[in-house]
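Participant: These are the residues of each chain, in order.
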Amino acid sequence: MASIVAVIASTHHPFYYRASTATGEDRPPFADEWTSKILAFRETLTRARPDVLVMVGSDHFHQLWLDNMPQFLVGKAPFYDANWYNEEREFGLPRMLLKGQEDLSGHILRAGLDAGFDLAFSNELRIDHSITCPIITLRPEADLPIVPIYTNIFAPPLPEPKRFVQLGATIRQIVESWPSHLRVAVIGTGHLSLELGGPRQFGPHGPDPEFDQRAVEWIANGDLDGCLREVTLDSLHSPGNATHGFMDFMLMMGVAGAGVKADYVDTLDLFHTMEAYFTWYPNGAPAA
Amino acid sequence: MSKYLLNKFLFMVDRDPELVERYRSEPRELVAWWEAECANTVLNCHTGEASTWLRFDDVEREALATHDHVKLFELGAHPFLTLTLFIAVFERDNTEPLEYQKSYGARLAHFAMPYPDIAT
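From first to last, the protein sequence lines are chains E and U.
The first sequence begins at 3 in the working numbering and counts up one residue at a time.
The second sequence begins at 39 in the working numbering and counts up one residue at a time.
Chain E on its own, in the form it takes in the complex:
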């Protein structure tokens, strides 16, 4: 059976690409520290020597729209084009082409349906920065096949937080039952507190540093009980109007397992939102 060699949860900051590649006067003052943290984070994936990446993210009204909105969707295609015109325009993100791992996509769809998740699927999916940001930060070669999984954290009505956790736990079981010798990393990105298009956006820190601190502790300690006790669809409005993206972190806590502490934790306090990086090694940390 396949093995999960790393579980990684991260914020996805679309400004990283531009900040890290800028030079001279265009280079922001925080770029060096940010790049240094990303390089250390990247090493946690590299060290695990993955063959395949399961990538959990959320479409930002690019391909998925309100006339036909899935709650959870699995890509099943041989290739995925990536990034969109408005992401080039606003963030300077490059166009990309990623290979798909269709066999694992098919396995996740079949087993997920059988496990009680009525997963939508797509045979032609152009992915966006929720998935390409972690490719850029963690595997910039973009050379490994992926299985993209999209969640709806964006267009209410949304699934409950516990459903994200349950899906994460189910993805863990499904990948570990995939009849393959391949080494799989499961990578998911979300947000801590975040405000987009509201009065608290683009402040000197994230809109709710206190929430961010608690959230990092929940994730780092695998404290799903504490997290689920406090986090509801209603409560997530309070830290910032785009904070429902935190539910993708909860999904990744479900993948990592209740009570399992992360092997690697790092954060970076930036303007607008806090960055946070976590890695778990389900089979023990690989040699450096």
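Fair warning: there could be bad hints in the mix.
[To be verified] Calculated Cβ distances over 10 Å to all of chain U for the following chain E residues: (1) ARG29; (2) PHE81; (3) GLU197; (4) TYR283.
[Stated by the list, open to error] If you want the footprint, here are the derived chain U segments under chain E, 3+ residues with CB under 8 Å: (5) 46-55; (6) 77-90; (7) 111-117; (8) 134-142; (9) 151-157.
In short, the hints are calculated from the structure, not lab data.
Here the structure is a predicted model, which means the values were calculated and not measured.
Every residue, glycine too, gets a C-beta built ideally from N, C-alpha and C.
Chain E is already provided as a structure; the job is to place chain U on it using the hints.
Facilitator: Coordinates of chain U only, in the frame set by chain E:
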């Protein structure tokens, strides 16, 4: 009132560079043209099948025609869609980094929690 149609306008204009420019230079004309020609497009039908019932009310039409992002927020338009399009239209006028983004937030400062409902 149709939050969905407001969102559909923001969504369709944002992804088309030509429409972004028309929305910047001639917003009232663009909104009228879009409502007449595009509002009823079924986006997933390549043969041009259309709906028959979608139209703005006067408040919605005026908010879009006057670039009034504060009113759009109040009406429950999706804040991500509004922000993304308005950055495309106005960020180029910045004289310092994030100037537009910060003023956009400041103009919304009178909104307290809970914000207007964005469910469609």
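Participant: State for each hint whether it applies.
Facilitator: Hints versus structure:
1. ARG29: At roughly 12 Å from the nearest Cβ of chain U, ARG29 of chain E sits farther out than 10 Å, so the non-interface label holds.
2. PHE81: At about 21 Å from chain U, PHE81 of chain E clears the 10 Å cut-off, so the statement holds.
3. GLU197: violated, 8 Å
4. TYR283: Consistent with the label, TYR283 of chain E stays out of reach of chain U, its closest Cβ about 34 Å off (over 10 Å).
5. 46-55: Result for this restraint: holds, n = 5.
6. 77-90: holds (count 3)
7. 111-117: holds (count 3)
8. 134-142: That given contact holds, which follows from 4 residues of the segment 134-142 of chain U lying within Cβ reach (below 8 Å) of chain E.
9. 151-157: holds (count 5)
Checked against the numbered hints given earlier, the structure breaks only hint 3 and satisfies all the rest.
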